[in-house]
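Respectively, the protein sequence lines represent chains A and B. Under our numbering, the first residue of the first sequence carries the number 644, and numbering increases by one thereafter. Under our numbering, the first residue of the second sequence carries the number 65, and numbering increases by one thereafter.
By construction, these hints were calculated from the structure, which means they are not laboratory data. For each residue, glycine too, the CB sits at the ideal point set by N, CA and C. Check each hint, because a few of them may be wrong.
Calculated from the model, a selection of chain B residues having no Cβ within reach of chain A, i.e. all distances over 10 Å [to be verified]: (1) A105; (2) P130; (3) L154; (4) E212.
Calculated lysine-lysine pairs in the DSSO-like style (CA-CA distance at most 30 Å, straight line) [stated by the list, open to error]: (5) B/K177 / A/K862; (6) A/K1067 / A/K793; (7) A/K1209 / B/K177; (8) A/K1196 / B/K122; (9) B/K177 / A/K989; (10) A/K982 / B/K272; (11) A/K779 / A/K1272; (12) A/K982 / B/K77.
Some chain B residues near chain A, calculated using beta-carbon distances under 10 Å [said to hold, decoys possible]: (13) P157; (14) R158; (15) P160.
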Amino acid sequence: MAQAISPANIDNIPTIKISSPRDLEEYRQALLAASDPNAPRIVVCCGTGCQATGSVEVVEALKAAVEEAGWEGKVIPSLKKTGCHGFCSRGPLVIIEPMDLFYQRVKGSDAAEIVNLTLMKGEVIKRLQYKPADAKEPVAKSHDIPYYAKQTRIVLENIGKIDPFEIKDALVHGAYKSLAKALTEMSPAQVIEEVSISKLRGRGGGGFPTGLKWESCAKQAGTRYVICNADEGDPGAFMDRSLLEGDPHRVLEGMALTGYALGSHRGYVYCRAEYPLAVRTLTNAIRQAEELGLLGENILGTGFDFKLTISTGAGAFVCGESSALMSSLEGKVGRPRPKYIRSVEKGFRDSPSNLNNVETFANVPMIVEKGGEWYKSIGTERSTGTKVFALTGNVYNIGLVEVPMGTSLREIVYGIGGGIPNKKELKAVQTGGPSGGCIPIPKKFLDINVGFGKLAEVGSMMGSGGMIVMDEDTCMVEVARYFINFLVEESCGQCTPCREGLIRMVEILTRITKGQGREGDIEALQEIGEFTNNFSLCGLGTSAANPVFSTIKYFREEYEAHIYDKKCPAGVCKPLFHYEIDAEACTGCGLCRMKCPAKAIAGEKKKPHAIDQSLCIKCMECYRNCKFKSIRIL
Amino acid sequence: MKIVLNGKEVAAKEGQTILEVARANGVNIPTLCYVPALDAAAMCRLCTVELTEGRRTKLVTSCNYPLRRDAEIQTDTDALRNGRRLLIELLAPRCPDSVKLQELAAEYGANLKRFPESNQDCVMCGLCARVCERVGGRTLTLSGRGVEIHVDTAFGRPSELCIGCGACAQICPVNKIQVVDEDGFRRVIVRGQEASRIPLNKCTSCGKFFGPVISLSQVMANLGEEKVPPPNQSVCPECSRHNLAIRMAQRHFEQYELAPHETVEEV
Ligand SMILES: Cc1cc2nc3c(=O)[nH]c(=O)nc-3n(C[C@H](O)[C@H](O)[C@H](O)COP(=O)(O)O)c2cc1C
Ligand code: SF4
Ligand code: FES
Chain A
644 MAQAISPANI DNIPTIKISS PRDLEEYRQA LLAASDPNAP RIVVCCGTGC
694 QATGSVEVVE ALKAAVEEAG WEGKVIPSLK KTGCHGFCSR GPLVIIEPMD
744 LFYQRVKGSD AAEIVNLTLM KGEVIKRLQY KPADAKEPVA KSHDIPYYAK
794 QTRIVLENIG KIDPFEIKDA LVHGAYKSLA KALTEMSPAQ VIEEVSISKL
844 RGRGGGGFPT GLKWESCAKQ AGTRYVICNA DEGDPGAFMD RSLLEGDPHR
894 VLEGMALTGY ALGSHRGYVY CRAEYPLAVR TLTNAIRQAE ELGLLGENIL
944 GTGFDFKLTI STGAGAFVCG ESSALMSSLE GKVGRPRPKY IRSVEKGFRD
994 SPSNLNNVET FANVPMIVEK GGEWYKSIGT ERSTGTKVFA LTGNVYNIGL
1044 VEVPMGTSLR EIVYGIGGGI PNKKELKAVQ TGGPSGGCIP IPKKFLDINV
1094 GFGKLAEVGS MMGSGGMIVM DEDTCMVEVA RYFINFLVEE SCGQCTPCRE
1144 GLIRMVEILT RITKGQGREG DIEALQEIGE FTNNFSLCGL GTSAANPVFS
1194 TIKYFREEYE AHIYDKKCPA GVCKPLFHYE IDAEACTGCG LCRMKCPAKA
1244 IAGEKKKPHA IDQSLCIKCM ECYRNCKFKS IRIL
Chain B
65 MKIVLNGKEV AAKEGQTILE VARANGVNIP TLCYVPALDA AAMCRLCTVE
115 LTEGRRTKLV TSCNYPLRRD AEIQTDTDAL RNGRRLLIEL LAPRCPDSVK
165 LQELAAEYGA NLKRFPESNQ DCVMCGLCAR VCERVGGRTL TLSGRGVEIH
215 VDTAFGRPSE LCIGCGACAQ ICPVNKIQVV DEDGFRRVIV RGQEASRIPL
265 NKCTSCGKFF GPVISLSQVM ANLGEEKVPP PNQSVCPECS RHNLAIRMAQ
315 RHFEQYELAP HETVEEV
């Protein structure tokens, strides 16, 4: 009987202290030689999303199935757990390499079949394949799925390919190449210069030019700190988490490069405590990098020290604000500090501190490797590079999307996102997190190019990259209320405008959604909003009113319908609408009658049905299920 | 550095705040959360002014904005007055009986009843917490967040850190903190709630209760004073003064070789 063949394995390469950039290259070559890209491999996404839908169980089941199968004469496939692939709505995801076969919504019970049919016999399991909404045939390869094919994945390049808990795998994919390059070929000033040329702008929300920030920090005397903002408090955002969980070394390398550029030897990652997997991944990554001599003291034998520490935050949204973050890092209450001195001059421990977002750092290694000019060629003139968005809401494909700056909303929502489910109309796209704005789509903005300037121009903002797609069933007054309410709960409360102003705005908005709006409410909202935006202490307060401004600007008639006609045109605010069945459109199929949990619908078969308003609880079941669009919102 | 304040050029030293310069020049800017003895917290935002440096005009709080280059400042534009009016209207429900707010309302034409009352007996200037930290008690802090923020002791329980100095009561602009000496205890009462309860000293000389077991040297040390004598823990200040006078008199008469006992009695 033929023996099973063990796959080529990087685990067999010992961990050593690498003492020069050249040794790093040799080590990398050894790893490359030990890893055969054509060896059979089962890749399972173990990002937080897929773990939530059961990928850990899938891994266990696959492991057992691989062990049970007889691999006579064949190479035993290896099993790899990776970070988030971004297509969370289809998880758990499994990819079979080298064929690049894409399986979605895999369950533990599918494991035996995957091993016995696909890996042993090369047969495809149709049931697990992905079929785009409008397609007839499923898409076999992960690279052909429009969701991936239409993205430009350069920051997320390795996520889904590498095992985030194994630095050797990251090295195979080029990690720490840029650090070695900078340490041998570039002066700190040259690194800053390259980043300035790239026109990279901060990805944490403000869009501040990174090169400029570094330059002002490098000029300061005294101990300098490099701090990574991994607080990611925007509801629904998970770009930073995915980076930290999927490709931690890219972020760490970016920080080390920043340290080198700024002459700093001390770095901190401020990570929100709600990200336990990210913290574990990072802790492990730092330890492994230090073992190999890629972080810590005397990096690669060049004499450059860079020590990194992870600090977990209390998870308040406002702790992402730079001065609050630094207070919190010092062990004090995480409240914004009233300072007109920039943190690059006096920040953490009153020392010069350079704070950047996770994604900003993740862009740095490739800028150093390929040059600022190359980077600048991606994106637009004033917004260079790519941006990772967390696409969610009423769109088919929910997940992480990386596109060049300047990509149109149409391409993101329809091309990558797959469009709007349930044959609904697209109404608006909300970008920029809780203090961003709503861009009305059917009106004129579907073709705007997403970049820092353009989004601000239409009354929204880039923010950290949240993107919520809203269909026709979305009430814009309710949207505004939701976001302001979020900010009321997250306000630190120390300054008067934000503390007292936002709560009044929520009160007014709540009244409007309950049908108790009155003349003057819109003006009062604008008056208070202008005040909070102008008089608040930190960025939370000074941008909080944006959702109200943008919804009033573009959807004023919806506010007016609520206030004057006591109607919610979208059919969301329960006191302000009712459903009626359009007798002409109704075919009497009876579906609504069966679905209605309140038994409020009656009618004979094949005759128009009717709703008993006194029983209706406005749960939307009939509206959502009617195949003939015969339920009207009135 | 050329500083133009409300259209008039004024003298200013680098690093001085706008508020300091304004006050030195007789320009009034309203404040709620500022006292010169404490670092500015810039919480109330009432002192917001309009600042033009270079080509950029922005709103800044004058109590903590350090002037570092040429600037033009407006302290009383319509927009600012309007903002202050709304600020007072929004803050009023928290502390309807604040005299200061009533005065400000008159000045800025604010309607104190615009928003429904939610009386907390506090204008949230944070001064008590800041002075407490500064003096070294670290008893009062701002707890909670958002609309729930309030002055409190740790865990809302009477604090053991209080040194009974009473600075909080002194500084509170709305007089909602009381210091009560009763039955051998000093109690600090913040908005009706006991924040601390510390034993008072009993004078070994006259038997009356006096000052709390307040560590005067701790206060002084916290304020950066050196060489402060330890306070007398057992004799009340009055008896202490009395005894000192007696001792001094004794020494004086001894110098002139007078019989101490008789003379002291006469003194
Ligand atoms: C209320 C508030 C919350 C913020 N939260 C975050 C956050 O979660 N992550 C982040 O990177 N930046 C956040 N920021 C922006 C940071 O203050 C800061 O601008 C950013 O981290 C700088 O990095 P960058 O230049 O790389 O963007 C927040 C700002 C405000 C005002
Ligand atoms: S704006 Fe809001 S979050 Fe920022 S300091 Fe003021 S109260 Fe706190
Ligand atoms: S006095 Fe300046 S903010 Fe309160």
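Do the alpha carbons of A/K779 and A/K1272 lie within 30 Å of each other, as the hint requires? Cα-Cα ~25 Å, so holds.
Given the hinted pair A/K982 and B/K272, is their alpha-carbon gap at most 30 Å? violated (48 Å)
Quick one: work out the minimum CB distance from B/E212 to chain A and report holds if it exceeds 10 Å, violated otherwise. violated (7 Å)
Can you confirm whether the C-alpha distance between A/K1196 and B/K122 stays at or below 30 Å? Status holds; Cα separation ~24 Å.
Verify the interface restraint on B/R158: the C-beta must sit less than 10 Å from at least one C-beta of chain A. holds (8 Å)
According to the definition I'm using, a residue is off the interface if its beta carbon is farther than 10 Å from all beta carbons of the partner; does B/L154 meet that for chain A? Contrary to the label, B/L154 does not stay out of reach of chain A, its closest Cβ about 4 Å off (not over 10 Å).
Check the hint pairing B/K177 with A/K862 against an upper bound of 30 Å on the C-alpha distance. Not satisfied, since the Cα-Cα distance of roughly 52 Å exceeds 30 Å.
Keeping to a limit of 30 Å between CA atoms, is the pair of A/K982 and B/K77 held or broken? holds (19 Å)
Is the Cβ of B/A105 more than 10 Å away from each Cβ in chain A? violated (6 Å)
Please work out if B/K177 and A/K989 have their alpha carbons no farther apart than 30 Å. This hinted pair is violated, its Cα atoms lying about 42 Å apart.
With a cut-off of 10 Å, does the beta carbon of B/P160 approach a beta carbon of chain A closely enough for the hint to hold? violated (14 Å)
Going straight from one Cα to the other, do A/K1209 and B/K177 come out at no more than 30 Å? OK: A/K1209 and B/K177 at ~27 Å, within 30 Å.
Figure legend: structure checked against the earlier numbered hints; hints not met, in rising order: 1, 2, 3, 4, 5, 9, 10 and 15.
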